[in-house]
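Student: Sequence:
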Amino acid sequence: MPLHESEFISLFTLDDWISSCDEAFRLYGQGLMVNPPRVETVERAGALDLFRLNMPAEWIGRYRGEKRIEERSDVETGRLGARSAVIALKDLRTGARAEVEADLITNMRTGAAGALAARYLARPDPEVAAVLGTGRIAKALTLCADRLFDLKEVRATSRRPEGRRAFAEEVGPRLRAPLRMMETIPACVEDADMVLSAVPTPGPILRPRDVRPDAHLSVMAGDARTAQLDLDLLRARPIVVDEPTQAARSGEFRAAQEAGRYGDIQFARDAQGHLLTVGDAANGRLGHLRGKGAIAYLTGLAVQDLHAAAMVYERVTGERASTENHIDTKR
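Under UniProt numbering, the first residue of the sequence shown is numbered 1, with each subsequent residue one higher.
Treat the hints with caution; some may be incorrect.
Just the calculated beta-carbon pair ranges, DEER-fashion [claimed, not checked]:
| # | residue 1 | residue 2 | range |
| --- | --- | --- | --- |
| 1 | Leu50 | Arg159 | 29 to 37 Å |
| 2 | Arg290 | Gly61 | 29 to 37 Å |
| 3 | His274 | Met1 | 16 to 24 Å |
| 4 | Thr184 | Leu32 | 18 to 26 Å |
| 5 | Asp270 | Leu32 | 16 to 24 Å |
| 6 | Glu183 | Arg209 | 17 to 25 Å |
| 7 | Arg269 | Pro173 | 37 to 45 Å |
| 8 | Arg290 | Glu162 | 19 to 27 Å |
Just so you know, these hints were derived from the structure itself, not from any lab. For each residue, glycine too, the CB sits at the ideal point set by N, CA and C.
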C-alpha cells in the first residue's frame, strides 16, 4: 500500500513529529526499538555524488521496516540536489505492508532530533539559538527548536546570500522568536546558548574559540565526506552520539582516527565504562551533562524513520477507515 506525502502532510503538526522522535529515542534507549547496521554507498554521477543508504529497523513486536534513500549532492559547494526516500513498512501484528514516502519524514525527524538533543542536554532555559545552514534540515531544526524552547532570538547563517534570504522568507513568519540572519558563523554563534549545525561541508566550520564553553551543540552529521567540527572542539567536550558505529564512520571521527587522536574523544559513558547514547539521554540518564557544553552528534537512526512511518501508517489507515465508514452510513 503506497502512502504519499500529499495524503498525509496535512494530518501532522510539529508536535507530532517531535513526539514521534522523542518516543523513538526513548524506546531505543530501552532496547524496545533496534537499529541494525545500515548499508551506505557513494559513487560519482556527473558533477554530483550519488549517495545511497539502506537503513533497517525494528520496533519489537510491532513493526519492521527499512528506509531506502538516494541523494545527489556536492559537499565541496554544499549543493544538495534531488533526493528520494521511501520506507518499506511491515505491521508485525497483522502482516500488512506499506510503502511510505519519506522526504518529509527525513527532514522532520532530523530536525526534531537536533532540537530534542538540546532539550535533553542544554541548560533548561536557553534564550538564543544559532542555526548553521539554511537548507531543508536547517529549516526543520529551526522550527522544532522554536517549538520546544521559549527563545528570545534565533540566528541563522549560510554561505550564500540567496539561501539566507529564502530561509528568512520561508521560516521567519512561522517562528515565535524573532529571526536574525547573520553573514558569518562567528557572528551567528557568539554567546548563543545552543548551536544547531546542519552544513554539508568537507572541512570544519566550528572551532573551540567560536562557541561559548557551556553552549550546547547539536550536529546533524553521519556522512564520511563531511566534517563540521574542528578536531580540537571534538576533543574538548563530552560527546553524545546516537549510534556509535555510524558516528565512527563519519567525517570528524575518521579525521580523529587518521590523526591518532580518537582516544582523546570524551564519549559519554556510565560508571562501568559503557558508552551512552541519545537514547540514554532521552531516558534521563545524562542529567549530569546538562548545561556542560555537550555535543550531540546525530547521524540519523532508522528507528526514528520507523516510528514516524508507523505514526503515518496508523493515522492514514485510521482516516481511510473513518472515511469508508462515513460513506457506508450515507448509503
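Student: All the hints need checking, so say for each whether the structure fits it.
Tutor: Structure-based check of each hint:
Between leucine 50 and arginine 159 the beta carbons are some 23 Å apart, a value that contradicts the proposed interval 29 to 37 Å. The hinted range of 29 to 37 Å is satisfied by arginine 290 and glycine 61, whose Cβ atoms lie roughly 33 Å apart. Under the hint 16 to 24 Å, the C-beta atoms of histidine 274 and methionine 1, about 40 Å apart, miss the expected range. At about 44 Å, the CB distance of threonine 184 to leucine 32 disagrees with the hint of 18 to 26 Å.
Between aspartate 270 and leucine 32, the C-beta spacing of about 19 Å keeps the proposed range 16 to 24 Å intact. Between glutamate 183 and arginine 209 the Cβ separation comes to about 18 Å, which falls inside the hinted range of 17 to 25 Å. Distance hint for arginine 269 and proline 173: a CB-CB separation of about 43 Å, consistent with the stated range 37 to 45 Å. For arginine 290 and glutamate 162, the hinted distance range of 19 to 27 Å is not satisfied, since their beta carbons lie about 38 Å from each other.
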